[in-house]
Amino acid sequence: MIHQTEQNYIKKSSHNLVKPHLGRIFFARLFDIIICSIPTIILIFLNPIKSWQTLLINISISQILLFFYFVLLPYFSKGNTFGKFLFKLRLKKIKDSKLKLRDIFLREFYFLYIPLIFQLLSQTIMGIILFTSPHDSENGFLLKLINNISYTFLAIWFIYIPLTIYLQKENISAIDLKLGTRVFFLEKIIKNEKRESKNTHVHLQNDKPGKIDIKEIEKIIGEENE
Numbered sequence: 001m002i003h004q005t006e007q008n009y010i011k012k013s014s015h016n017l018v019k020p021h022l023g024r025i026f027f028a029r030l031f032d033i034i035i036c037s038i039p040t041i042i043l044i045f046l047n048p049i050k051s052w053q054t055l056l057i058n059i060s061i062s063q064i065l066l067f068f069y070f071v072l073l074p075y076f077s078k079g080n081t082f083g084k085f086l087f088k089l090r091l092k093k094i095k096d097s098k099l100k101l102r103d104i105f106l107r108e109f110y111f112l113y114i115p116l117i118f119q120l121l122s123q124t125i126m127g128i129i130l131f132t133s134p135h136d137s138e139n140g141f142l143l144k145l146i147n148n149i150s151y152t153f154l155a156i157w158f159i160y161i162p163l164t165i166y167l168q169k170e171n172i173s174a175i176d177l178k179l180g181t182r183v184f185f186l187e188k189i190i191k192n193e194k195r196e197s198k199n200t201h202v203h204l205q206n207d208k209p210g211k212i213d214i215k216e217i218e219k220i221i222g223e224e225n226e
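Letter 182 of the sequence shown, counting from 1, is numbered 182 in UniProt numbering, and no numbers are missing.
Careful, some of the hints might be misleading.
What the hints assert, rightly or not - Here are the simulated SDA-like cross-link-like pairs (lysine to any residue), alpha carbons at most 20 Å apart as the crow flies:
| hint | residue 1 | residue 2 |
| --- | --- | --- |
| 1 | K19 | N171 |
| 2 | K144 | S122 |
| 3 | K78 | V18 |
| 4 | K93 | N16 |
| 5 | K144 | S133 |
| 6 | K19 | K78 |
| 7 | K88 | I33 |
| 8 | K93 | L72 |
| 9 | K78 | E108 |
| 10 | K19 | F185 |
| 11 | K19 | K95 |
| 12 | K95 | F185 |
| 13 | K88 | S77 |
| 14 | K178 | Y75 |
| 15 | K92 | H21 |
| 16 | K19 | L167 |
The set of hints was computed from the structure by calculation and includes no laboratory data.
For clarity, every value in this text was computed on a predicted model and none was experimentally measured.
With the hints as constraints, model all of the structure from the sequences given.
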């Protein structure tokens with residue numbers, strides 16, 4: 001007796017949340033900063049800062065873009081930005097609770113807005129000096145000093161953050177420890193699941209024992225009567 005067995009395998013993929021390499025996090029963040037800086041650079045060329053009005057317009061638009069990209073986008077895309085998506089990273093709560101808008105904002109305030117606020121204050125002070133002083137006044141040294149202080153603070157801040165993450169045992173930032181959040185690497189896992197098999201008798205697919213064709217019987221009886 002011949003049996004025909006039909007077996008199918010379905011490939012299903014899932015992801016494990018694992019500890020990411022720090023280099024992956026760094027390049028994902030760098031990619032996000034570059035992407036978010038492009039509209040701001042274009043805006044500076046299209047609307048050069050020549051007065052208080054243009055300064056406020058540029059600052060307002062750049063802040064809206066930053067808030068949308070680093071706060072709203074991860075909230076509505078389940079912890080993703082373009083950089084995280086490209087490098088297969090995901091921001092999530094460690095205890096599997098839902099990621100809140102407050103968590104993302106406080107996290108970005110620590111990473112992004114603290115140095116940004118210092119930079120904005122420096123630019124505002126420079127703008128006040130530049131636009132309120134007489135044109136023949138010599139404030140070049142003061143403006144240069146303020147500018148150098150602001151960039152020095154930025155450099156120190158962006159060295160401090162990765163250094164503290166690197167020295168922490170689980171490579172988690174101070175704000176992530178406080179909020180219970182973490183950036184995970186999505187490790188892809190492919191599973192082969194066996195579909196239910198179907199056994200059939202090849203030579204008895206149509207002619208099964210006990211199966212009677214009524215039409216054939218009527219045909220035989222009709223021929224005998226003739």
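Verify the proposed pairing of K19 with K95, using a straight-line Cα cut of 20 Å. Holds, at about 15 Å.
Distance restraint between K19 and K78, which requires alpha-carbon spacing of 20 Å or less: 18 Å, holds
For K93 and N16, compute the direct alpha-carbon distance and say whether it is at most 20 Å. 14 Å, holds
Straight-line alpha-carbon gap K93 to L72, limit 20 Å: Judged against 20 Å, a Cα distance of about 16 Å means the pair holds.
Run the distance test for K19 versus N171: straight-line Cα separation, threshold 20 Å. 9 Å, holds
Need the status of pair K95, F185: alpha-carbon distance at most 20 Å? Answer holds: K95 to F185 is near 16 Å, not above 20 Å.
Satisfaction of hint between H21 and K92, Cα-Cα up to 20 Å: 16 Å, holds
Within 20 Å, alpha carbon to alpha carbon, are K88 and I33? Holds, because 17 Å separates the two Cα atoms, which is no more than 20 Å.
Under the criterion that the straight-line Cα-Cα distance not exceed 20 Å, is the pair K78, E108 satisfied? This hinted pair holds, its Cα atoms lying about 15 Å apart.
Check the hint pairing K19 with F185 against an upper bound of 20 Å on the C-alpha distance. 6 Å, holds
Are K78 and V18 close enough, with their CA atoms no more than 20 Å apart? 17 Å, holds
Need the status of pair K88, S77: alpha-carbon distance at most 20 Å? 13 Å, holds
The structure is consistent with each of the numbered hints, conforming to all of them.
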